[in-house]
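The residues making up each chain are set out below.
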Amino acid sequence: MKEKDVHAELSSIREMMERSSKFISLSGLSGVLAGIYALAGAGLAYTLMKNPGGSHDMESYPHQHDLFWPLFMIAMAVLVLSMLTGLLLSIRKAKSRNENIWNPVSRRLLGAVSIPMFTGAFFIGILLLKGEYSTISSASLVFYGLALVAGSQFTFIDVKWLGIAEIILGLLAMLIPGHGLIIWAIGFGFLHILYGIIMHFKYER
Amino acid sequence: MKYSLEHFDKAFENRIRLQIMSVLVANRSYDFNGIKDLLHVTDGNLASHIKALEKEEYLSISKSFIGRKPNTQYAVTKKGKDAFKKHLQALENLIKQQK
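Those protein sequences? They're chains A and B, same order as listed. Counted from 1, the first sequence has number 54 at position 54 by our numbering; the numbering is strictly sequential. Counted from 1, the second sequence has number 9 at position 9 by our numbering; the numbering is strictly sequential.
Just so you know, the hints here were simulated from the structure itself, not pulled from any lab data. There may be inaccurate statements among the hints.
In silico PhoX-like links for lysine-lysine, alpha-carbon gap of 20 Å or less [said to hold, decoys possible]:
#	chain 1	residue 1	chain 2	residue 2
1	B	Lys96	A	Lys4
2	B	Lys36	A	Lys95
3	A	Lys22	B	Lys36
On the chain A side, residues computed to face chain B include the following (Cβ under 10 Å) [unchecked claim]:
#	residue
4	Glu9
5	Met16
6	Arg19
A quick note: this is a predicted structure, and the numbers were derived from the prediction, not measured. Every residue gets a Cβ at the ideal spot worked out from N, C-alpha and C, and that includes glycine.
Working from the sequences, and respecting the hints, build out all of it.
Structure (structure tokens):
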């Protein structure tokens, strides 16, 4: 056996171990786009909350019930758009790598992410029912961060650090009330854009 | 130059078998189609290599149903893991010798 063959053998072993256990069709661009949607949504929410009654008081979240549905729809639009973008760009990337997106790793990734995600969704649903609007941004950041950390073992390790940053921001939002929207915008907007750019330069060039 | 081949596992002479083992040691278990997609091999080809590895008792098979579809999961055995490690060690030694 020649040295070249040994190296080829080792690199094929390594490649198989990595490709079979890590989902790497996540695109950096979807992070950037998700961040832009979040910033746009937060900007829109800010103007809505600022205008009625001329109140500039950011701490009096939507006590006005007419603001509940618009804000809810904005949040849903950001969520759905981000997920669709992520899915479409991942499908595209998987196709260009000649891989099937629905494989054992992507299933494990979804399984790991879904428990904190659904727990968070129910938790936030209960907060909404109880009218505890001021803790929603904190809860969404914390549960999203937990989902990322849980999923990170099946994809790029960088996702874990993004998750930890989201958790810290969520706790911070709980600690200093009244800044939920701005911290939410940092977590879902700014951090996603930063993450997307880092991923692009680290893995896609 | 001649190298010692005593630690080389005959079962791993074939690249596809080695790749199957690589997938299995990195994961708790893997299904047939998942391995097939990763390796880009045909059903028959993969099945024959899996059979060879099964004969060596390097992997274990568990069959179940997901809905109505049969699902076959493969996992590496203790024996298979040890053999894989030994093979990696042999490759490493080979590189050291050549230096």
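Now the hints, each set against the structure:
{"no.": "1", "hint": "Lys96(B) - Lys4(A)", "in the structure": "13 Å, holds"}
{"no.": "2", "hint": "Lys36(B) - Lys95(A)", "in the structure": "16 Å, holds"}
{"no.": "3", "hint": "Lys22(A) - Lys36(B)", "in the structure": "16 Å, holds"}
{"no.": "4", "hint": "Glu9", "in the structure": "6 Å, holds"}
{"no.": "5", "hint": "Met16", "in the structure": "4 Å, holds"}
{"no.": "6", "hint": "Arg19", "in the structure": "6 Å, holds"}
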